[in-house]
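Participant: Sequence:
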Amino acid sequence: FDNPKPFVTIELTEKGNLPRTKPPSGARLRIVSKSNVSLEKVRKAVDIAKYKYNPESVTYLNRAAGKQVTVPSADGIEKKDLRDIKIQEALIADYLQEFSASDEVMKRVYELNKKYNTMIEEGEDVMRNVHWSLQSLEWDNLFNYGEGNKVNFTNLEGIVGIFGKNYSGKSSIVDSLLYSLYNTTSKSIRKNLNIINQNKDSCLARATIRVHDEEYIAERTSKKYVKRLKGEETQEASTDLEFYKQDMIGNQTSLNGTSRQDTDKNIRKYFGTHNDFLMTSMASQLDSLSFINEGSTKRKEFLAKFLDLELFDKKFKLAKEESAATKIALRRLDNIDFDTEINNIKSDITKSELSIEKNKAICASLKDDASHLTEELGQVQEKIESVPAEIIDPVLTMKQIEKKKSSILSLTSQKTEAIKSLKEDEKVFKKISSFLSDFDISSFQEKKEVIDSKKTELEKFLKEIKETSEDIFASRRKEDLLSEVPCGTQYPTCKFIKDA
Numbered sequence: 003f004d005n006p007k008p009f010v011t012i013e014l015t016e017k018g019n020l021p022r023t024k025p026p027s028g029a030r031l032r033i034v035s036k037s038n039v040s041l042e043k044v045r046k047a048v049d050i051a052k053y054k055y056n057p058e059s060v061t062y063l064n065r066a067a068g069k070q071v072t073v074p075s076a077d078g079i080e081k082k083d084l085r086d087i088k089i090q091e092a093l094i095a096d097y098l099q100e101f102s103a104s105d106e107v108m109k110r111v112y113e114l115n116k117k118y119n120t121m122i123e124e125g126e127d128v129m130r131n132v133h134w135s136l137q138s139l140e141w142d143n144l145f146n147y148g149e150g151n152k153v154n155f156t157n158l159e160g161i162v163g164i165f166g167k168n169y170s171g172k173s174s175i176v177d178s179l180l181y182s183l184y185n186t187t188s189k190s191i192r193k194n195l196n197i198i199n200q201n202k203d204s205c206l207a208r209a210t211i212r213v214h215d216e217e218y219i220a221e222r223t224s225k226k227y228v229k230r231l232k233g234e235e236t237q238e239a240s241t242d243l244e245f246y247k248q249d250m251i252g253n254q255t256s257l258n259g260t261s262r263q264d265t266d267k268n269i270r271k272y273f274g275t276h277n278d279f280l281m282t283s284m285a286s287q288l289d290s291l292s293f294i295n296e297g298s299t300k301r302k303e304f305l306a307k308f309l310d311l312e313l314f315d316k317k318f319k320l321a322k323e324e325s326a327a328t329k330i331a332l333r334r335l336d337n338i339d340f341d342t343e344i345n346n347i348k349s350d351i352t353k354s355e356l357s358i359e360k361n362k363a364i365c366a367s368l369k370d371d372a373s374h375l376t377e378e379l380g381q382v383q384e385k386i387e388s389v390p391a392e393i394i395d396p397v398l399t400m401k402q403i404e405k406k407k408s409s410i411l412s413l414t415s416q417k418t419e420a421i422k423s424l425k426e427d428e429k430v431f432k433k434i435s436s437f438l439s440d441f442d443i444s445s446f447q448e449k450k451e452v453i454d455s456k457k458t459e460l461e462k463f464l465k466e467i468k469e470t471s472e473d474i475f476a477s478r479r480k481e482d483l484l485s486e487v488p489c490g491t492q493y494p495t496c497k498f499i500k501d502a
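Under the working numbering, residues 3 to 502 are what the sequence shown spells out, in order.
Be a bit skeptical, because a hint or two may be false.
Distance ranges between label pairs, derived from CB positions [what the hints assert, rightly or not]:
#1 Glu-16 with Thr-255: 51 to 61 angstroms
#2 Gly-166 with Arg-110: 55 to 65 angstroms
#3 Leu-309 with Leu-98: 16 to 26 angstroms
#4 Thr-236 with Leu-309: 42 to 52 angstroms
#5 Ile-87 with Val-228: 52 to 62 angstroms
#6 Pro-6 with Gly-297: 44 to 54 angstroms
#7 Ser-298 with Gly-166: 34 to 44 angstroms
#8 Phe-304 with Trp-134: 19 to 29 angstroms
Hints in this document: simulated from the structure, not taken from any laboratory. Note that the Cβ used here is the ideal one computed from N, Cα and C, for glycine as well.
Work out the full structure: start from the sequences and follow the hints.
Facilitator: Set out below in structure tokens:
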């Protein structure tokens, strides 16, 4: 019996590539290398084998372990800008060549690469591929230096060393440059007050840096002042910063921000951060050997930052985050037997195709029936149209019939209401007639006349009573008034007695 999952050994070429072979699907592969190849080449070979051959498992054996490793010559190495999208796409195409990716897949890969590249560049604060060179450094009253100090780097090329005896001020020159660009030093100095010469009130540092045909000048000054807080006086220092560029004919363009912090941010945008400068452009005494003393992880970080390879780490993290949900969905599909599913779907497709053919025949028959009915409908329509419109209008007649029916219903309802009202009125009429037949109108009229006469006499009598009451009330008032007069009958001419 043939082994359905045989063991197959594949030997890599000297360059670490897979040979042109095609092992059976589901085999247990062992990739063997007889020459020292890089770990990246091994990983790529394993990935290609998994993609192309769909193996049960893949193992790797290095038979060249212990052999002397030869490092290839650096001749012919090209210097390229890895941030260029075209160069990135060329490298991607070269890497995916052995995967036999389709044009559609490659197009999607290029789109994602461009998307992640844009996302990373928009979030960066430092410009890339800025080639700058220090032209001059001037400083006054920094550390133990006085005024009028300047170092001209224009005629100096390559690595520039500053040598001197101990305590001769070598580090102070470098710290002057760090102060002018980043407002800091290589020492643990926290306050700018300690940077100013103790015998001076202010200091200045000016760095001139050339980028292409323009000069960028960063000028930083610090001044001492006395700070009074809660009755205590302390000496502090305030710092100002000017950052501008100057072209070949002397035209200046300010690069200052709205605040000193924004201006510092603009400087970092062009020349990198303080740590970038210390790591790539300056080495103090034996610090140049610190890279060798660091661990592999730290050295990798240094090289990645120095060679601008962090871009690809960031893109890898973004792609990994976005593809996490897709990977989870793919894991859920691992237990699905797609071959069985495909066969079932093919069977359903065959059944559906037969059903479609059957339905097509039914549709053809129905189309014939519909054609005959259409012809009959046309004939009937012609007969209808042949009837003169003046004799009868079917639509108008139907409307009139509906209108008459509505009128009949309305009149019938009105008739019913009228009959009902008539019956009620007849009952009321009978009651009124019965009442009138028993009612003596003449006697009641005589009684009414008597009542009206008595009512008139009563009103007259009430009027007389009212007048008599008013006279009695007036007499009593006068009587009460005379009782208060002391003269009695001795004075008949008294107006009160006379009135009484």
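Participant: Could you say whether the range 42 to 52 angstroms given as a hint is met by the Cβ separation of Thr-236 and Leu-309?
Facilitator: The hinted range 42 to 52 angstroms holds for Thr-236 and Leu-309, with Cβ atoms some 47 angstroms apart.
Participant: The hint says 34 to 44 angstroms between Ser-298 and Gly-166; measuring C-beta to C-beta, is that right?
Facilitator: About 36 angstroms separates the Cβ atoms of Ser-298 and Gly-166, which means 34 to 44 angstroms holds.
Participant: Note whether the CB distance of Ile-87 and Val-228 lies within 52 to 62 angstroms or breaks it.
Facilitator: About 57 angstroms separates the Cβ atoms of Ile-87 and Val-228, which means 52 to 62 angstroms holds.
Participant: Can you let me know if the beta-carbon spacing of Phe-304 and Trp-134 is within 19 to 29 angstroms?
Facilitator: holds (20 angstroms)
Participant: Taking the Cβ atom of Pro-6 and the Cβ atom of Gly-297, is their distance within the range 44 to 54 angstroms?
Facilitator: Roughly 47 angstroms apart at Cβ, these two residues keep to the hinted range, so it holds.
Participant: Between the beta carbons of Glu-16 and Thr-255, is the distance compatible with 51 to 61 angstroms?
Facilitator: holds (56 angstroms)
Participant: Looking only at beta-carbon atoms, does the pair Leu-309, Leu-98 fall within the given range of 16 to 26 angstroms?
Facilitator: 23 angstroms Cβ-Cβ, so the 16 to 26 angstroms window holds.
Participant: Is the gap between the beta carbons of Gly-166 and Arg-110 within 55 to 65 angstroms?
Facilitator: holds (60 angstroms)
Violated hints are absent here; each numbered hint is respected by the structure.
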